[in-house]
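Participant: All the letters of the sequence shown, read from the start, carry residue numbers 0 to 48 under numbering that gives the first Met the number 0.
Don't take each hint at face value.
DEER-style ranges, computed between Cβ atoms [unchecked claim]:
hint, residue 1, residue 2, range
1, 18, 38, 28 to 36 Å
2, 15, 42, 30 to 38 Å
3, 10, 31, 18 to 26 Å
4, 17, 46, 18 to 26 Å
5, 47, 9, 15 to 23 Å
6, 26, 46, 13 to 21 Å
7, 19, 42, 20 to 28 Å
8, 40, 15, 34 to 42 Å
9, 16, 44, 26 to 34 Å
10, 21, 45, 24 to 32 Å
11, 25, 47, 17 to 25 Å
In case anyone wonders, no lab produced these hints; they're calculated from the structure.
This structure is a prediction, so every number in the text was calculated from the model and none was measured.
We put the CB at the ideal spot given by N, CA and C, even for glycine.
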Amino acid sequence: MTKLFSFSLGIGSKNNDDQWLEVYYPQPLANIDADTSAQLITAVSIAGI
0 MTKLFSFSLG IGSKNNDDQW LEVYYPQPLA NIDADTSAQL ITAVSIAGI
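Full structure from sequences and hints, please.
Facilitator: Here it is in structure tokens:
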């Protein structure tokens, strides 16, 4: 099983040239346990990300 080191969702803004200006990650996760890693990997796979 793959274990994630970190995971985060963020919101960002782009300029008129479609370049990222900044991204804010309100609650990044680090040192994620195996069960949470498996759930996140499944959720991302289902979402097609």
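Participant: Please go over all the hints and tell whether each is borne out by the structure.
Facilitator: Results of checking the hints against the structure:
1. 18 with 38: 28 to 36 Å: holds (33 Å)
2. 15 with 42: 30 to 38 Å: holds (33 Å)
3. 10 with 31: 18 to 26 Å: Given a distance of about 21 Å, which is inside 18 to 26 Å, the answer is holds.
4. 17 with 46: 18 to 26 Å: Given about 22 Å between the Cβ atoms, the range holds.
5. 47 with 9: 15 to 23 Å: About 18 Å separates the Cβ atoms of residue 47 and residue 9, which means 15 to 23 Å holds.
6. 26 with 46: 13 to 21 Å: Holds - the Cβ-Cβ distance for residue 26 and residue 46, about 19 Å, lies within 13 to 21 Å.
7. 19 with 42: 20 to 28 Å: holds (24 Å)
8. 40 with 15: 34 to 42 Å: Holds, at about 36 Å.
9. 16 with 44: 26 to 34 Å: holds (32 Å)
10. 21 with 45: 24 to 32 Å: holds (29 Å)
11. 25 with 47: 17 to 25 Å: holds (23 Å)
When the structure is compared with the earlier hints, no violation turns up for any of them.
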